[in-house]
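Chains as they are written, first to last, in our numbering: chain A, 1 to 238; chain B, 1001 to 1238.
Because the hints were derived from the structure by calculation, they are not lab data.
Hints may contain errors.
Said to hold, decoys possible - SDA-like cross-link-like pairs, simulated, lysine to any residue; straight-line CA separation at most 20 angstroms:
1) B:LYS1082 / A:ALA167
2) A:LYS81 / A:ALA53
3) B:LYS1082 / A:GLY22
4) A:LYS74 / B:PRO1062
5) A:LYS82 / B:PRO1062
6) B:LYS1040 / B:SER1119
7) B:LYS1074 / A:ALA30
8) B:LYS1081 / B:ALA1030
9) B:LYS1235 / B:GLU1073
10) B:LYS1081 / B:ALA1091
11) B:LYS1081 / A:PRO62
12) A:LYS74 / B:LEU1172
13) B:LYS1074 / B:PHE1094
14) A:LYS74 / B:ALA1167
15) A:LYS46 / A:PRO87
16) B:LYS1081 / A:THR58
17) A:LYS235 / A:PHE94
18) B:LYS1081 / A:LEU24
19) B:LYS1046 / B:VAL1077
20) B:LYS1074 / A:ARG158
21) A:LYS46 / A:THR23
22) A:LYS74 / B:ARG1050
23) B:LYS1074 / A:GLY22
24) A:LYS82 / B:ALA1145
25) A:LYS74 / B:HIS1026
26) A:LYS82 / B:THR1023
27) B:LYS1082 / A:THR23
28) B:LYS1074 / A:ALA53
29) B:LYS1040 / B:ALA1145
30) B:LYS1082 / B:PHE1094
31) A:LYS74 / B:LYS1081
32) B:LYS1074 / A:THR58
33) B:LYS1040 / B:ALA1147
34) B:LYS1074 / A:VAL71
35) B:LYS1074 / A:LYS81
36) A:LYS74 / B:ALA1091
Each chain, written out:
Protein chains: 2
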Amino acid sequence: MNYETRIKQAFDLTDTGGLESGTLSHRVYAHLSQLLVSGKLAPNDKLSFRAVAESLGTSMMPVREAISRLVAEKALVVEPKKAAFVPVMSATGFRDITRVRIIIEGAASAMAASSATQSDLQDIARCEIAFRNLEGDPRAVRQAAVAANQAFHFAVYRAAHSGELLAIIERLWLRVGPVINLDLRENPERMKFGGAIRYHAALLDGIRQRDPQAARAALAADIQGAADFILSQGKLPE
Amino acid sequence: MNYETRIKQAFDLTDTGGLESGTLSHRVYAHLSQLLVSGKLAPNDKLSFRAVAESLGTSMMPVREAISRLVAEKALVVEPKKAAFVPVMSATGFRDITRVRIIIEGAASAMAASSATQSDLQDIARCEIAFRNLEGDPRAVRQAAVAANQAFHFAVYRAAHSGELLAIIERLWLRVGPVINLDLRENPERMKFGGAIRYHAALLDGIRQRDPQAARAALAADIQGAADFILSQGKLPE
DNA sequence: TGCTGCCATCTGTGATCACAGTTATCGTGA
DNA sequence: TCACGATAACTGTGATCACAGATGGCAGCA
């Protein structure tokens, strides 16, 4: 599937259920972000300004602004006079970002354990159940699992009640999204969510018990486990 | 001094000694970033696309892209159909970003204590000495102190050897830059660097002793001390 | 004198065009 | 059959124009 088809599909998808507010630039940005975090764009996929604009029915201008933002967040790369593309993350780069994620998302998890409200706890528990009870044919489950995993993690991070931390974490996910999904697409046999289910339960439990260190440890195990698996596949360059 | 004059001055400055490489967008971005971190732009200062473009001798296009990037990093805010401006940080927002800075820059300091090389140590020590020995008339010292403080902190953060963490910290400084400089401009009598000198020495010592917890504590005290002073002035809204 | 409403000005937003590099393709040569 | 080179298609970059919404100042009314 080439990128043009992929983008068209994604935009059709979001057009049906998506957001219609804000400027065109914002909408394009939201769309492209979704493509990245959900992994519909793989590393090295190229993004032509004109192709994106055409599939959206707009001019290049809003696309330029949206891509500028994503380049600023290092979610896309554009070299002079060459097509923008999703950066390929090296193994060492992935190890670095994993380490940083454990620090930052671990801190958010600990803060969530300290300051989650009852409403927060309900949200987190609901997401944990939804993730645990995923079923159906393997293809659909894998696709839904990415979304459910994201929903659970961000329910936790929101409970930390720090807008700054949340924004930083969103940028981190924008970067690791393509890598994680590349892993899922190329390793369909992976029993990934066996470990994740256990760690998610431990994380939820740590927050329920108001135990920051337990929450942090569970989160760290979750991220490190997934990262170790991806690294063990040896698909990342360098 | 209105923003137009201030920008013109800044661009004239960088035109003489600045960078001439990369696309126009990059150059505009670098210029505006410098204006922000050095505090030449104060909270609530407005930035007209056309005024910036005119003072640069370019069209609006490169300015649009540069501002898009800065908006993505939350260093600028632009509401639909209204002029871009430097966001005013509320007291609660400042408390939040201070908390996050202590977590993230604290982690970087601890990592620096673990993995700083001899060369890193020399850089840090050199910056610490330069900061401690600042002297001259108060106006010049205040201006140099901002730069020397930044140099010292980033010498530490570079010693953590994490590109990801460094990039996140740079974005954080882009945000707090205007607030800190506003403080300096409005409180010229402040004996700010008395505390900072002590904390910097403690931070350097913690790294030298390979003591991550000591380094983290010193960094936290430094940031928290400055933040407490700024908050005590009561100039931040809300 | 103080308030209100209108109008000129300024704002970002989006579209369109021109241009100079890059890339890919196809045809030609050995 | 394969390698090479020219050319055509495609790329982002930058400039310019039109437009609608926001702003601020000025005049007129109470």
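inquiry  = Hints numbered earlier in the text: which of these fail when held up against the supplied structure?
reply    = Violated: hints 1, 6, 8, 9, 10, 21, 22, 24, 28, 30, 31, 32, 35, 36.
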